[in-house]
Amino acid sequence: MKMLWTEKYRPRVLNEIVGNEEAKRELLKWIVDWQRGIRDNPGVLLTGPPGIGKTTAVYALANELSFHVVELNASDYRTAQSIYAKVGHLTQSNTLDSFTSGGVRRNILIFFDEIDGIDPKADTGGLKAVLDIASKKEVPIIAAANVPDPSSHKELLKSFKVIEFKPLTPRQISILLRRIIASEGLSISDEIIDKIIRSSRGDARLAVNLLQEAAAGVDIEFVSTPMENLPFDILMKRLSSSLSITEIRNLLNSNSSQIEDVFYAYFDMILRSGSISLEEKIRLLGEWSKLDILFGRMNKKRYFSLFRYINMLLPWLIYSANRAGAIYDGRIPQYRLRLFILNRGAREELNNLYNTYLKGRLHCSYRKFVLEVFPYVCGYLKEDEYPSLTKLCKKGGYGVTW
Amino acid sequence: MVQYMKIRYGVPFQIPRRLGDRFKEIVGIKGVRYVRQQGFVVSDKSALDAMNRILIKMGLILVPDIRCFICGMDVECDECSYKDVCKRDAGSCICSTCMSREDVVKRYYDTQRTMLDQALH
Numbered sequence: 001m002k003m004l005w006t007e008k009y010r011p012r013v014l015n016e017i018v019g020n021e022e023a024k025r026e027l028l029k030w031i032v033d034w035q036r037g038i039r040d041n042p043g044v045l046l047t048g049p050p051g052i053g054k055t056t057a058v059y060a061l062a063n064e065l066s067f068h069v070v071e072l073n074a075s076d077y078r079t080a081q082s083i084y085a086k087v088g089h090l091t092q093s094n095t096l097d098s099f100t101s102g103g104v105r106r107n108i109l110i111f112f113d114e115i116d117g118i119d120p121k122a123d124t125g126g127l128k129a130v131l132d133i134a135s136k137k138e139v140p141i142i143a144a145a146n147v148p149d150p151s152s153h154k155e156l157l158k159s160f161k162v163i164e165f166k167p168l169t170p171r172q173i174s175i176l177l178r179r180i181i182a183s184e185g186l187s188i189s190d191e192i193i194d195k196i197i198r199s200s201r202g203d204a205r206l207a208v209n210l211l212q213e214a215a216a217g218v219d220i221e222f223v224s225t226p227m228e229n230l231p232f233d234i235l236m237k238r239l240s241s242s243l244s245i246t247e248i249r250n251l252l253n254s255n256s257s258q259i260e261d262v263f264y265a266y267f268d269m270i271l272r273s274g275s276i277s278l279e280e281k282i283r284l285l286g287e288w289s290k291l292d293i294l295f296g297r298m299n300k301k302r303y304f305s306l307f308r309y310i311n312m313l314l315p316w317l318i319y320s321a322n323r324a325g326a327i328y329d330g331r332i333p334q335y336r337l338r339l340f341i342l343n344r345g346a347r348e349e350l351n352n353l354y355n356t357y358l359k360g361r362l363h364c365s366y367r368k369f370v371l372e373v374f375p376y377v378c379g380y381l382k383e384d385e386y387p388s389l390t391k392l393c394k395k396g397g398y399g400v401t402w
Numbered sequence: 403m404v405q406y407m408k409i410r411y412g413v414p415f416q417i418p419r420r421l422g423d424r425f426k427e428i429v430g431i432k433g434v435r436y437v438r439q440q441g442f443v444v445s446d447k448s449a450l451d452a453m454n455r456i457l458i459k460m461g462l463i464l465v466p467d468i469r470c471f472i473c474g475m476d477v478e479c480d481e482c483s484y485k486d487v488c489k490r491d492a493g494s495c496i497c498s499t500c501m502s503r504e505d506v507v508k509r510y511y512d513t514q515r516t517m518l519d520q521a522l523h
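First to last, the protein sequences are chains A and B.
Start counting the first sequence at 1; every next residue gets the next number (my numbering).
Start counting the second sequence at 403; every next residue gets the next number (my numbering).
FYI, nobody ran anything at the bench for these hints, they're computed from the structure.
In silico BS3-like cross-links for lysine-lysine, where the CA-CA straight-line distance does not exceed 25 Å: (1) B:K432 x B:K485; (2) A:K158 x B:K426; (3) B:K508 x A:K8; (4) B:K432 x A:K154; (5) B:K432 x A:K161.
A partial selection of chain A residues facing chain B, derived with a Cβ cut-off under 10 Å: (6) E22; (7) I173; (8) R178; (9) R198.
Stretch-level coverage of chain B by chain A, calculated; a stretch enters the list once three of its residues show a Cβ under 8 Å from a Cβ in chain A: (10) 495–508; (11) 514–523.
Ideal Cβ placement from N, Cα and C applies to all residues, glycine included.
All chains should be modelled from the sequences, with the hints used to inform the complete structure.
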């Protein structure tokens, strides 16, 4: 199997990393000061979007100064117990704080990657454990985060030295690509290189991946685009007005966190659309059901490899639905409605409605009632009896007789 | 008449105007902070744009001074072919003269090595 160029050309020393020169200098200075005993901050927090060299800088730094990196990904180690079990002992005794690797005695550096994945409230004591270990100032600690939340990660931002990494400039991306092109002896047209630079939007990892795909003959138009994260409403409007499969695919790829919402919103649109014939509706919903099975398996059994099929099929289905005449009218997707029932009045009215009239008749759970029954009966609610609920339904576009 | 003033991201600078009530408005911008006795620090282009929307009323426009990492000259972003996709919030870039050189990659790595070696010692 061919090696990924992001691994093959991963910089081993700091000066091989392109971009963020000042940030790297600061990081190096901090660790040098640490070794000299100047320990003003208990640790360093590297912030910035993915793919711009935060993790690479830590490993390159460790390699240059002979540190052994003990890495913890905050997605895997969240609780205080698991963090102490993994690295707690490293700070307890000076005699243990070094490793011997290849005959070279190496000091330890603890690296908490994706530390913004730790929720100070939901993950009991995880962040506190990190701060506690860091406060001992026995071992240098570096953490990395994409977007630390100023309120929930307040303590971390306050005590750690924050070094911001920024996306690379197009010319810096060009330097990076030139190096690989020269090493691989590639002959790629300037037009494609220009397209890669523009598509990558400062993401070095994406640029290298795009270059590898371009070298393999893949059309750059069809490979992944950087994250856009459009507001859901705008994304739906743009998707439903797209009549090009490439445009739909690019929109989904650049807003991949909302794919499931898009899927359910389209289900709702097809179901209610008056302009789609009954036969076409049956056909489309049949296809949608197959995709729903894939979604279900992926989420229930954690088979995330199935996502590639969803990613491939969904653009085609959206394309078919658009061609058939599905129109987005701004309605909140049915299953998302639950998220909107946040105000106390509406919730109480809903509980009352369910418990008083429908519980014994429907023989279904409250959740099933909210998600699958309520959106289609709320049009019949009396406004004076359920003021909050009817207001909410109007806001969400529910209660339309179809 | 509008006055243009060059600033560097992350480096404090003083505004040659009496700000009055606008001071609060400026420090309220995300990405702008005030360091006592040193001045304002702007972190990126979006913060700079927001600041300019206030300062233009006082006849002042701040423009980012992005220097070439290799030679230290002005990068001249307005003449760059990528100005439409660049956020211009990096502290440095590479000027067109250096980019046109054959050995730009080597020179970039060498300049960086020199800078890092200075930090090491």
